[in-house]
Amino acid sequence: MVYLTRVEHFNAAHKLYNPEWTLEKNEEIFGKCANENWHGHNYELLVTVKGKPDEGTGFVFDVKRLSTLIREQVTEKLDHRNLNLDVDFMKGKMCSTENLAIGIWQQLQPHLPSAIQLHAIKLYETPRIYVEYFGE
Amino acid sequence: MSKKVAVFRREHFNAAHRLFNPAWDEAKNNSVFGKCALPHYHGHNYELEVKVTGIPDPTTGYVIDLKNLSDIIQRTVLEKFDHKNLNLDTVEFKNLNPTAENIAVVIYEILRPELSADQELQIRLYETPRNFVEYPA
Numbered sequence: 121m122v123y124l125t126r127v128e129h130f131n132a133a134h135k136l137y138n139p140e141w142t143l144e145k146n147e148e149i150f151g152k153c154a155n156e157n158w159h160g161h162n163y164e165l166l167v168t169v170k171g172k173p174d175e176g177t178g179f180v181f182d183v184k185r186l187s188t189l190i191r192e193q194v195t196e197k198l199d200h201r202n203l204n205l206d207v208d209f210m211k212g213k214m215c216s217t218e219n220l221a222i223g224i225w226q227q228l229q230p231h232l233p234s235a236i237q238l239h240a241i242k243l244y245e246t247p248r249i250y251v252e253y254f255g256e
Numbered sequence: 289m290s291k292k293v294a295v296f297r298r299e300h301f302n303a304a305h306r307l308f309n310p311a312w313d314e315a316k317n318n319s320v321f322g323k324c325a326l327p328h329y330h331g332h333n334y335e336l337e338v339k340v341t342g343i344p345d346p347t348t349g350y351v352i353d354l355k356n357l358s359d360i361i362q363r364t365v366l367e368k369f370d371h372k373n374l375n376l377d378t379v380e381f382k383n384l385n386p387t388a389e390n391i392a393v394v395i396y397e398i399l400r401p402e403l404s405a406d407q408e409l410q411i412r413l414y415e416t417p418r419n420f421v422e423y424p425a
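Those sequence lines, one after another, are chains W and S. The numbering of the first sequence is this note's numbering, which starts it at 121 and goes up by one. The numbering of the second sequence is this note's numbering, which starts it at 289 and goes up by one.
These are calculated hints, taken from the structure and not from any lab test. We treat Cβ as the ideally placed atom computed from N, Cα and C, and that holds for glycine. Check each hint, because a few of them may be wrong.
Rough simulated footprint, nothing fancy, chain W against chain S, three-plus residues with beta-carbon under 8 Å [claimed, not checked]:
hint : region
1    : 298–306
2    : 328–340
3    : 367–380
Please build the complete structure, drawing on both the sequences and the hints.
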């Protein structure tokens, strides 16, 4: 079994704000991240798939196809967007890095061929903050 | 010893912005600024490097006390821009397009009066890990 990772990136605006709470409670829980006019990040996305290298190609998966898939299903929907307002698969969810990683997994998983498995989504919100999701 | 030395302080802030010239129509903004003109903003992790050059003070050995420089940047720059929308939340960019170039110039102008005349100042600002600007050039 070999693990293959493709690194992509996107830039987006968001805010952390629970509409069921008061402004005061949002500011207490989320601090500056609740700023009503948004803030933003350079997100770094690592998508890891696993499988056995194909005997004919030596590839776990054609990484160009993986890159195209990530672009079509994920980064074109996120890049230079407002995560709270513009992204269909984040509608009604809190735009935390955790939920975004789960959302990205759900976007990609149905499009992968059965011979390979999605192993991990690793998503950096800043160079110092990242989350990992393994589909559990 | 009277040799000039450059010292650097690295800071960071996260902000939303969009690139948009209100004197142009939407089509022209889109053709010039592309995705950066999208109306709901996007954002960046900005990395800021502040370079101060001077002759080390003979009594302290410092060009500038880096803790003081850090405090100045925190108070005058980061509190203004961190977790803000540069277009909506800051007076500096009410009528100025918040490109990395303009942000670097604005930060320079904020910090310049905080330093003494014999301390040279240069700003390097990373908008992404791959895009960065310097001012003065």
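Evaluated hints:
no. : hint    : in the structure
1   : 298–306 : holds (count 5)
2   : 328–340 : holds (count 6)
3   : 367–380 : holds (count 6)
Checked against the numbered hints given earlier, the structure satisfies every one of them.
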